Amino acid sequence: MVFQYQILPHPADVKLQITASTKEELFQGALKGMASIIQPQIPPKAPLVKENIEIQSLDLNALLVDFLNEVLAKTDITQVVFNKLKIRKLTDNYLQAEIEGQKSDYFDQEIKAVTHHGLEIKQNKNGHYQVTILFDI
Amino acid sequence: MQKENLIKINDYLWEIPQSFRKDMKVPARIYTSQRLFQETEDEALIQLVNTTTLPGIVKYAIAMPDIHSGYGPPIGGVGAMKYPEGIISPGFVGYDENCGVRLLKSEYTEEDIKPHLEKLATRIQQEIPSGLGRGRAINLSLEQINKILEGGVPYLVEQGYGEKEDIENCEEKGEIEMADASCVSDYAKNRGRDQVGTLGSGNHFCQLDKVEEIFDKEIAKIFGLFKNQVVIMIHTGSRGLGHQNCVDYLKIVMGSYQKYKIQIPDRELACVPFNSPEGQKFFKAMSAACNFAWANRQMITHYIRQVWKNVLGKDSNLKLLYDVAHNIAKIEEHEVDGQKTKLIVHRKGATRAFPGQPVLIPGSMGTASYVLGGTEKAKESFYSVCHGSGRVMSRHEALRKFTGAEVVKNLKKKGIIIKSFSLKGIAEEVPEAYKNINEIVEVVEKAGLAKKVAQLRPLAVIKGE
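Order-wise, the sequence lines are chains U and H. No gaps in the numbering here: position 118 of the first sequence is 331 in this note's numbering, and each next residue is one more. No gaps in the numbering here: position 426 of the second sequence is 428 in this note's numbering, and each next residue is one more.
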């Protein structure tokens with residue numbers, strides 16, 4: 214397994230659950246899952262856009278939220294929806310990476326923010342990392 | 003949570019005593035009815051109890067009848083803190099700072115507008131972008147954004163985008179003076195550059211309503227409302243700028259817990275002392291984002307007035323009844339132990355309702371909305387009432403049960419035009435996904451927090467996608 218994600222029901226917002234073999238894959242899965250919620254309509258020949266990001270946070274849980282919020286802000290400003298992540302360095306409170314995406318003509322879902330609500334990255338009995346993220350939409 | 007845990011104060015007010023959980027600093031109170039309480043999720047009640055642990059909270063944490071679970075405090079929550087040593091919380095304002103409602107009054111009746119309704123709705127939809135990555139064609143400069151952040155509605159009126167009365171009829175006169183644009187990040191400002199005059203998505207909307215029923219003739223007359231009158235309701239907030247501002251300050255605040263020895267049961271309750279440097283900076287930044295939201299609703303008003311004059315003639319006009327926030331933290335004076343006391347009042351999904359003030363309660367798409375009048379008795383809720391319906395069905399479930407086309411058809415049967423570029427968005431906002439607004443307003447009135455003045459029924463809905 215690399216990573217898996219699924220959208221869970223919530224009365225007002227969107228919950229995304231990600232399971233991954235490593236922390237790096239968990240971050241990649243979260244990024245891809247968020248893009249799948251936005252459901253962009255990308256024109257066929259849209260060029261690839263790459264950006265560097267560097268984030269310092271309180272701990273791993275906050276790092277995941279801060280990372281996704283950083284990407285979301287970039288998407289809101291540039292309409293580029295990012296779904297690929299190349300991690301250069303990941304610790305429990307620091308991420309340096311390159312994100313890759315394409316400019317979209319239209320989003321199916323606007324996300325206001327990625328919340329910290331009940332978010333806890335855990336390892337299950339198989340050693341896989343798992344997290345559930347609540348998106349305010 | 004079982005109802006046995008609650009103490010009945012009266013038929014519409016229940017209390018969760020301080021003894022319910024060790025870390026509670028005050029009791030929690032919920033305005034509700036037997037039936038609405040059954041619909042309330044446990045998580046929302048736990049979130050209400052969590053808010054009673056906030057440092058400096060006064061009297062009780064309050065939930066309105068439209069309570070539902072959010073992040074940190076529940077949606078429909080009110081919490082007042084001691085000034086200036088109590089906390090201020092970005093989490094208790096929420097990601098849509100100064101999400102709110104305004105109501106414009108026309109001099110026309112439903113009969114007068116009927117022949118023009120389709121045209122008005124189409125033109126308004128064309129004039130006001132509704133989110134999903136779509137902003138206005140013009141990007142404002144950062145300098146212009148700064149002026150809006152600090153100047154709010156008065157700045158826009160000065161620039162010719164409104165009338166002097168618009169300022170008078172806005173909560174805080176459309177401008178919190180403490181606002182400081184330098185406390186708002188460039189990221190947030192950049193997110194807002196093409197969003198002044200846009201609706202956004204989700205449950206945000208612009209709606210042409212008719213006054214269906216007048217409950218209180220005297221107050222309706224003072225408010226300038228009459229039966230069958232066409233009015234326009236606008237529901238939106240501070241858009242990406244406000245969302246980013248909240249994200250930015252959650253991060254700052256969460257990094258300060260150790261410094262201020264703050265212990266809270268949920269990260270999203272994020273708070274710092276109001277009189278700390280972080281608290282002051284957040285208050286100034288949030289105030290600026292609130293000014294941005296008022297300016298957003300003012301700019302939408304400007305575009306709607308243009309459409310109105312184009313379609314109905316240049317002598318026709320729309321007057322602002324009132325504009326009120328339902329996600330905000332403010333310094334207000336309230337009575338505590340018989341003394342007038344300054345407090346930091348947080349309203350998250352709750353509307354300020356000062357005595358005599360028009361209180362605007364939007365329904366869900368296709369259902370009634372209400373105009374209420376504030377009462378003196380609302381001092382027990384820090385002059386706050388509900389803010390709307392509150393969801394009871396997930397968007398996913400709504401999509402499973404209803405199609406957009408079906409919803410459009412049903413609304414058409416009721417004589418309601420719906421304008422949205424997204425059929426999916428229409429299905430997600432189906433009226434059945436929300437609590438019954440009539441019951442919620444009933445509780446507010448029976449509890450004495452506000453008086454019903456008028457019920458509005460939608461004629462045309464222009465929806466955020």
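For the record, the hints were derived by calculation from the structure and aren't laboratory data. Small disclaimer: the values here were computed from a predicted structure and weren't measured. There's no promise every hint is true.
[Stated by the list, open to error] Derived DSS-like pairs (lysine-lysine); straight-line CA-CA distance at most 25 Å:
hint: 1; chain 1: H; residue 1: 421; chain 2: H; residue 2: 311
hint: 2; chain 1: H; residue 1: 453; chain 2: H; residue 2: 381
hint: 3; chain 1: U; residue 1: 316; chain 2: U; residue 2: 245
hint: 4; chain 1: H; residue 1: 403; chain 2: U; residue 2: 228
hint: 5; chain 1: H; residue 1: 253; chain 2: U; residue 2: 302
hint: 6; chain 1: H; residue 1: 448; chain 2: H; residue 2: 219
hint: 7; chain 1: H; residue 1: 10; chain 2: H; residue 2: 229
hint: 8; chain 1: U; residue 1: 335; chain 2: H; residue 2: 253
hint: 9; chain 1: H; residue 1: 253; chain 2: U; residue 2: 228
hint: 10; chain 1: H; residue 1: 344; chain 2: H; residue 2: 283
hint: 11; chain 1: U; residue 1: 245; chain 2: H; residue 2: 253
hint: 12; chain 1: H; residue 1: 321; chain 2: H; residue 2: 253
hint: 13; chain 1: H; residue 1: 10; chain 2: H; residue 2: 448
hint: 14; chain 1: H; residue 1: 426; chain 2: U; residue 2: 228
hint: 15; chain 1: U; residue 1: 245; chain 2: H; residue 2: 311
hint: 16; chain 1: H; residue 1: 453; chain 2: H; residue 2: 321
hint: 17; chain 1: H; residue 1: 223; chain 2: H; residue 2: 453
hint: 18; chain 1: H; residue 1: 84; chain 2: U; residue 2: 236
hint: 19; chain 1: H; residue 1: 453; chain 2: H; residue 2: 219
hint: 20; chain 1: H; residue 1: 286; chain 2: H; residue 2: 344
hint: 21; chain 1: U; residue 1: 302; chain 2: U; residue 2: 335
hint: 22; chain 1: U; residue 1: 297; chain 2: U; residue 2: 245
hint: 23; chain 1: H; residue 1: 84; chain 2: H; residue 2: 27
hint: 24; chain 1: H; residue 1: 426; chain 2: H; residue 2: 414
hint: 25; chain 1: H; residue 1: 426; chain 2: U; residue 2: 316
hint: 26; chain 1: H; residue 1: 10; chain 2: H; residue 2: 61
hint: 27; chain 1: H; residue 1: 311; chain 2: H; residue 2: 121
Results of checking the hints against the structure:
1. 421(H) / 311(H): Roughly 20 Å between the alpha carbons, so the hint for residue 421(H) and residue 311(H) holds.
2. 453(H) / 381(H): Since the Cα atoms of residue 453(H) and residue 381(H) sit roughly 14 Å apart, the hinted pair holds (cutoff 25 Å).
3. 316(U) / 245(U): holds (15 Å)
4. 403(H) / 228(U): Cα-Cα ~19 Å, so holds.
5. 253(H) / 302(U): holds (21 Å)
6. 448(H) / 219(H): Since the Cα atoms of residue 448(H) and residue 219(H) sit roughly 19 Å apart, the hinted pair holds (cutoff 25 Å).
7. 10(H) / 229(H): violated (38 Å)
8. 335(U) / 253(H): Between residue 335(U) and residue 253(H) the Cα gap is close to 22 Å, so the pair holds against 25 Å.
9. 253(H) / 228(U): holds (21 Å)
10. 344(H) / 283(H): holds (19 Å)
11. 245(U) / 253(H): holds (23 Å)
12. 321(H) / 253(H): Between residue 321(H) and residue 253(H) the Cα gap is close to 41 Å, so the pair fails against 25 Å, i.e. violated.
13. 10(H) / 448(H): holds (15 Å)
14. 426(H) / 228(U): Given that 25 Å is the threshold and the Cα spacing comes to 18 Å, the pair holds.
15. 245(U) / 311(H): violated (47 Å)
16. 453(H) / 321(H): holds (22 Å)
17. 223(H) / 453(H): Roughly 14 Å between the alpha carbons, so the hint for residue 223(H) and residue 453(H) holds.
18. 84(H) / 236(U): violated (42 Å)
19. 453(H) / 219(H): Answer holds: residue 453(H) to residue 219(H) is near 12 Å, not above 25 Å.
20. 286(H) / 344(H): Holds: residue 286(H) and residue 344(H) sit about 18 Å apart, inside 25 Å.
21. 302(U) / 335(U): holds (20 Å)
22. 297(U) / 245(U): holds (7 Å)
23. 84(H) / 27(H): holds (13 Å)
24. 426(H) / 414(H): holds (17 Å)
25. 426(H) / 316(U): holds (22 Å)
26. 10(H) / 61(H): holds (17 Å)
27. 311(H) / 121(H): Roughly 12 Å separates the two Cα atoms, so the pair holds.
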